[in-house]
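Enquirer: Could you use the hints to bring the two separately framed chains together as a complex?
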Amino acid sequence: MKITNKTSSTNQTSKALRKVFSLPASMRDVAMHYCSGCGHGIIHRLICEVIDELEIREKTIGVAPVGCAVLAYDYWNFDTTEASHGRPPAVATGIKRILPERIVFTYQGDGDLAAIGTAEIIHTANRGENITVIFVNNAVYGMTGGQMAPTTILGQKTETTPWGRDAQRDGFPLKISEMLALLSGVVYVERTAVNNAKNVLLTKKAIKKAFLNQIENKGFSLVEILSPCPTYWRMSPVEAVKWIETEMVKYYPLGVIKG
Amino acid sequence: MAYIKIDKEKCKGCLLCMTNCPKGLIIQDEEINIKGVRAVSFKNNSECTGCAFCALMCPDVCIEVYK
Chain A
0 MKITNKTSST NQTSKALRKV FSLPASMRDV AMHYCSGCGH GIIHRLICEV
50 IDELEIREKT IGVAPVGCAV LAYDYWNFDT TEASHGRPPA VATGIKRILP
100 ERIVFTYQGD GDLAAIGTAE IIHTANRGEN ITVIFVNNAV YGMTGGQMAP
150 TTILGQKTET TPWGRDAQRD GFPLKISEML ALLSGVVYVE RTAVNNAKNV
200 LLTKKAIKKA FLNQIENKGF SLVEILSPCP TYWRMSPVEA VKWIETEMVK
250 YYPLGVIKG
Chain B
0 MAYIKIDKEK CKGCLLCMTN CPKGLIIQDE EINIKGVRAV SFKNNSECTG
50 CAFCALMCPD VCIEVYK
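As they're listed, the protein sequences go chains A and B. Position 72 of the first sequence, counting from 1, maps to 71 under numbering that gives the first Met the number 0, and the rest follow consecutively. Position 34 of the second sequence, counting from 1, maps to 33 under numbering that gives the first Met the number 0, and the rest follow consecutively.
None of these hints come from the bench; they were simulated from the model. One or more of the hints may lead you astray.
Cross-link-like lysine-lysine pairs, in silico, BS3-like; alpha carbons within 30 Å at most [unchecked claim]:
{"hint": "1", "chain 1": "A", "residue 1": "Lys207", "chain 2": "B", "residue 2": "Lys66"}
{"hint": "2", "chain 1": "A", "residue 1": "Lys204", "chain 2": "A", "residue 2": "Lys174"}
{"hint": "3", "chain 1": "A", "residue 1": "Lys241", "chain 2": "B", "residue 2": "Lys7"}
{"hint": "4", "chain 1": "A", "residue 1": "Lys197", "chain 2": "B", "residue 2": "Lys22"}
{"hint": "5", "chain 1": "B", "residue 1": "Lys22", "chain 2": "A", "residue 2": "Lys18"}
Now the stretches of chain A that chain B is said to cover, found in silico as 3 or more residues with beta-carbon under 8 Å [said to hold, decoys possible]:
{"hint": "6", "region": "23–32"}
{"hint": "7", "region": "38–52"}
{"hint": "8", "region": "196–207"}
{"hint": "9", "region": "233–242"}
Quick reminder that beta carbons are idealized off the backbone N, C-alpha and C, glycines included.
The shape of chain B in the complex, shown without the other chains (with noise of 0.2 Å):
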């Protein structure tokens, strides 16, 4: 039982993190941001293992996870 925090508004939208969830848990966005990218969103259904190689990817740090 696990699960992240995404802050949005830094997010850039490189999808670093989507390619690297072994779990697929990470989605794009279909709005925008304040910087005008697509960001990502966190699907919530508890499988969610915190393994943090999202976290370890983002190059922006907007990722904070809980586990």
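So here's chain A without its partners, still in its complex pose (with noise of 0.2 Å):
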């Protein structure tokens, strides 16, 4: 690969030993436009990984969003189409009953599914259509310079709550994986987060799970994913993973909330 004459390391052992870890067959080796830190470029990786066991990405579609993550087509080498900022979910429906054979997902962020497209992602849910949801929570607007997210937790500063968010001014956050649980449609519900290398691997295994839900024509299923945003955090890196940790848990507890 063209990688070797640009690393840093050299062993004269290193014919001996085989390579465990790279860039899956699903991504593209370019360099991604995201901040440091940032968890979708985590987040990403893990999707490309899941196609790549699965063997499903002559088939797979997926449906980027508007948001930090609307270039994400340009980092899968798997077909992505784009959908109007929320819509998503819609246009993954009509995909999905066009081309029933395909695997089909949608990547939102907070501001896509919980913001503007909360009306799509309702009924997307409660029609039980047999779509993957990745959704990614930062709990702040990114792209458009750190507003404050129906996700924004309580107290947290952000750019329009630059005193912390108040609930009696700025109402609560809301917790849209709670609710899409309740929907009859909705087969699997799971929240995780990617703050350390056990979350990542537990991400991936819900990711799996999820898409296999869709393989196996069970339904709807929903991975909400706690991703740092240090830029509009205002956090270096290291210390936002920490956050997720100490703060953004306490109101977004982890684990399968259904299924």
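Expert: Here it is in structure tokens:
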């Protein structure tokens, strides 16, 4: 691979050792535009690893959101389309109904899924469409400059809540996964995080289960992933992953919510 | 016996690999890369177990693990 001539380490016994971790085949070898320490890169990679393991790359269609992940199709080496802001579940519904043999998933942020796209996600979930939804929750509007999102936790400082989110003025954070779990059409909802190696592996397991549900025609699956946004949390990447562990999981507890 | 390879030009210097390495084998460079950030280097002293915690946490998929 061309990577080898610009890598840092050399080892004389390298020929004897086997490569156990590298870029998944479903992922393009390009530099991503995300900020340093952003969770999107990890989640993109996990989706690609799952698609490779399930050998569904040729029949997968992803639907990218509006938000920081709007350019996700530049990084994924499988078919991806783009939807209007908040509408990936509606677009995915259309694709899945016309091409039922395809594996269709949406990749949405909290601004896309829990704010402008609330109606679409609720009705898609309620209809029990056989699609997979990857919901990336970083509790802030990343692409537009760090404003308060519906998922911003109480006391969290953002551009539009400089003294912290106040329940009386700004309302309460939206627990959309718990809300969707109440709907009869939903078969699987799990909340995970990408704040440490263990949780990254659990996230991969959850994504795999959500894809398997679709392959087995079980119905609507959603994985909510708590993801760091160091830039708009005004923290270093290392502080940001700690903040998920100490603050965010208090309001958004990890684990299987349904299924 | 294991080791990792780091693609320094893709590295954004978030240091999540460094803080997740159980053996402390990843260190930050003094010089900057093409992106203008201080990337990381691997201390190759054969203590690496190939656990891949660094690679699992790398948001930019810069790390390859050999075991």
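Enquirer: Looking back at the numbered hints, which does the structure fail to meet, lowest number first?
Expert: none
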